[in-house]
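Listed below, chain by chain, are the residues.
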Amino acid sequence: MSPALFEAMELSAGYGGADIIHEVSLSIEAGELVTIIGPNGAGKSTFLKAAFGLLRPSHGMTLLRGIDVTRLRPPKMVAAGVSFVPQLDNVFPSLSIRENLEMGGYLAGRNAARRADEVLAMFPELERRPAEHAGRLSGGQRQALALGRALMLNPALLMLDEPTAALSPLMRNEVFERLRAIRESGVAILMVEQNAREALAISDRGVVLVAGQVALEQPGPAMLANPSVGRLFLGLDEAEPTASTSAPKAEA
Amino acid sequence: MDILQLVVVGVIVGSVIGLGAMGLTLTYGILKFANFAHGDMLTLGMFLAFAVVGDLGWAGPSMLWFSFGWGMLGGIALAIAGVAGFSLVADRVVFRPLRSRGSAVITMAIASLGLAIMLRAIVQIAWGSSALRFSTGINRANDYFGLKVKPDQILIVALTAVVAIALYLLLHRTKLGKAMRATADNPELAEVSGIDTERIRQATWAIGGAMTAIAGVMLGVQTQLRFDAGFNLLLPMFAATILGGIGSPWGALLGGLIVGVSQEVSTHWIDTGFKPAVPFAILIIMLLVRPRGLFGSTV
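If you read the protein sequences in the order shown, they are chains A and B. Take the first sequence: its letter number 234 is residue 496 in this note's numbering, and every next letter is one higher. Take the second sequence: its letter number 253 is residue 257 in this note's numbering, and every next letter is one higher.
There could be a bad hint or two in this list.
Stated by the list, open to error - Derived lysine-lysine pairs resembling DSBU-like cross-links, with alpha carbons at most 30 Å apart: (1) B:154 <-> B:36; (2) B:152 <-> A:338; (3) B:279 <-> B:152; (4) B:36 <-> B:152; (5) B:154 <-> A:338.
Said to hold, decoys possible - A few chain B residues that don't get close to chain A, going by computed Cβ distances all over 10 Å: (6) 37; (7) 62; (8) 93; (9) 156; (10) 170; (11) 179; (12) 182; (13) 185; (14) 186; (15) 190; (16) 196.
As the list claims (entries may be wrong) - Here are the simulated distance ranges between beta carbons: (17) A:303 <-> B:166: 36 to 44 Å; (18) B:170 <-> A:376: 21 to 29 Å; (19) B:202 <-> A:472: 46 to 54 Å; (20) B:129 <-> A:303: 51 to 59 Å; (21) B:172 <-> A:431: 53 to 61 Å; (22) A:477 <-> B:239: 29 to 37 Å; (23) B:178 <-> A:318: 51 to 59 Å; (24) A:333 <-> B:121: 35 to 43 Å; (25) A:380 <-> B:172: 28 to 36 Å; (26) B:130 <-> A:384: 44 to 52 Å; (27) A:493 <-> B:110: 18 to 26 Å; (28) B:165 <-> A:372: 44 to 52 Å.
Think of the hints as simulated: they come from the structure by calculation, not from any bench. Model, not experiment: these values are computed from the prediction. Here a beta-carbon is modelled for each residue, glycine too, at the ideal position from N, C-alpha and C.
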């Protein structure tokens, strides 16, 4: 059996010597979209950072295609085919749109310029004005640029930290639509998301993280239909039995 | 002196300040701390050039219309290599360990102050405390519409312009320069994008060091060589850097010109002895009124 694309094994990590996540294990197959949800402070972002190598885990290991990547620094992870989009500050504000993409393709060498054209073509709102400084873009455009930057090296796995945070509902839908398209192009996605309902609707699998541990792991649609998850994280009210059916988004 | 003539002198003095400030703002923008050793690194460059044209006596035949000989090219080359090399060693031995320990910006700045004092003492031990000159030749001023300018001074202004243009092309046209700007903007995102930011920091030290060396040699050409010449220029350079907005090379250059011109023109009304107070005043006013600087931006 071939190894999973990416695997976190009993990963513990935190800040200042105190672990926030405790022995979290999770694996993701090629082309799969996995969403991590959970209450604030559950350690979702901490897990993602530890998985990518931005945070050194205190325990456990990470494997990429079966190879130990626990100690790899971010540039090496990028070179190995994993891209990461932070939640905040995810573009270079004083660089132009095109330069931002070029930086995403820093390791691509001479092909960076051609690849930047390809990525620009995927984002019409960016393609119109490649010389615009990223600092002047709207929230949605920034998020598009951050995604574009992360796609520059044709990663096998894209890690996203709350890609729709601080976006309007309309913009959120656009981002989720885009993620679905990226996933369909064969890129695996591991994301942390607050807007759990929309995220689970496009996910192959959902993982609930509570107090730094995996509380539940289910296929995305099943998790959407799971009443206890709905009550806790999807904003559905258990007092009204019809709540889950009156939430049309859940079926979308 | 005629005000216009003072403006001319100010542009020359300001070019040296601007040249030094461009290197200072570059390291400030990317390494994120105020390098107090910058002035003394300038002095090091100045004396390394002197080592070639003075100590070794390789001044060579007189170079075009300038006061120094062709040997100065070798002097500049040694200065560039020496200051860039010193910067790289200082980063490896002092600043990188502090960085990897997550030290505060103030710790780095204080460490650079220690480095500054050490460097100044070394220069003083090696070359003494009295003023030296690159050459004893006379550089006669030419008269342009009643304004007196020496060929040496034209060279200073021209070289500053060339360095500024070269830096612009580096930062905006090359992959290294764009990665330097990206690292200045957001070092963590740069790492996440696959940029080895440690190498970018090293490149920044080397490039900043080279610019500092050129500024030092030009300072020596403009005035005399003294062990504290660069240190005395530190405050005007900081004033220029803050005036232009930390991290903005163009701002630093323009800031240098503003500081230089206002400093020289002030002598029309106040005693020359008080002119070093002018950059202080500019610095204080800027910090109070517009701490982001005139063009507040990043590299």
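Tested hints:
1. B:154 <-> B:36: Status violated; Cα separation ~38 Å.
2. B:152 <-> A:338: Between residue 152 (chain B) and residue 338 (chain A) the Cα gap is close to 58 Å, so the pair fails against 30 Å, i.e. violated.
3. B:279 <-> B:152: With Cα atoms ~21 Å apart, residue 279 (chain B) and residue 152 (chain B) stay inside 30 Å; holds.
4. B:36 <-> B:152: Roughly 41 Å separates the two Cα atoms, so the pair is violated.
5. B:154 <-> A:338: violated (54 Å)
6. 37: holds (19 Å)
7. 62: holds (42 Å)
8. 93: Given a closest Cβ separation of 24 Å, the condition holds.
9. 156: The claim holds: residue 156 (chain B) sits with its nearest Cβ about 37 Å from chain A, beyond 10 Å.
10. 170: holds (19 Å)
11. 179: Not fine: 7 Å to the nearest Cβ puts residue 179 (chain B) too close to chain A.
12. 182: violated (5 Å)
13. 185: violated (6 Å)
14. 186: Residue 186 (chain B) not clear of chain A: closest Cβ-Cβ about 5 Å, inside 10 Å.
15. 190: violated (6 Å)
16. 196: violated (5 Å)
17. A:303 <-> B:166: 36 to 44 Å: The hinted range 36 to 44 Å is violated for residue 303 (chain A) and residue 166 (chain B), with Cβ atoms some 55 Å apart.
18. B:170 <-> A:376: 21 to 29 Å: This hint holds: roughly 28 Å between Cβ atoms.
19. B:202 <-> A:472: 46 to 54 Å: violated (37 Å)
20. B:129 <-> A:303: 51 to 59 Å: Holds: the Cβ-Cβ distance is about 58 Å, inside 51 to 59 Å.
21. B:172 <-> A:431: 53 to 61 Å: Distance hint for residue 172 (chain B), residue 431 (chain A) is violated at roughly 43 Å.
22. A:477 <-> B:239: 29 to 37 Å: violated (59 Å)
23. B:178 <-> A:318: 51 to 59 Å: Roughly 33 Å apart at Cβ, these two residues miss the hinted range, so it is violated.
24. A:333 <-> B:121: 35 to 43 Å: holds (39 Å)
25. A:380 <-> B:172: 28 to 36 Å: holds (29 Å)
26. B:130 <-> A:384: 44 to 52 Å: The hint (44 to 52 Å, Cβ to Cβ) is violated, given that residue 130 (chain B) and residue 384 (chain A) are roughly 60 Å apart.
27. A:493 <-> B:110: 18 to 26 Å: Distance hint for residue 493 (chain A), residue 110 (chain B) is violated at roughly 49 Å.
28. B:165 <-> A:372: 44 to 52 Å: Roughly 32 Å apart at Cβ, these two residues miss the hinted range, so it is violated.
Consistency note: the structure conflicts with the earlier hints numbered 1, 2, 4, 5, 11, 12, 13, 14, 15, 16, 17, 19, 21, 22, 23, 26, 27 and 28.
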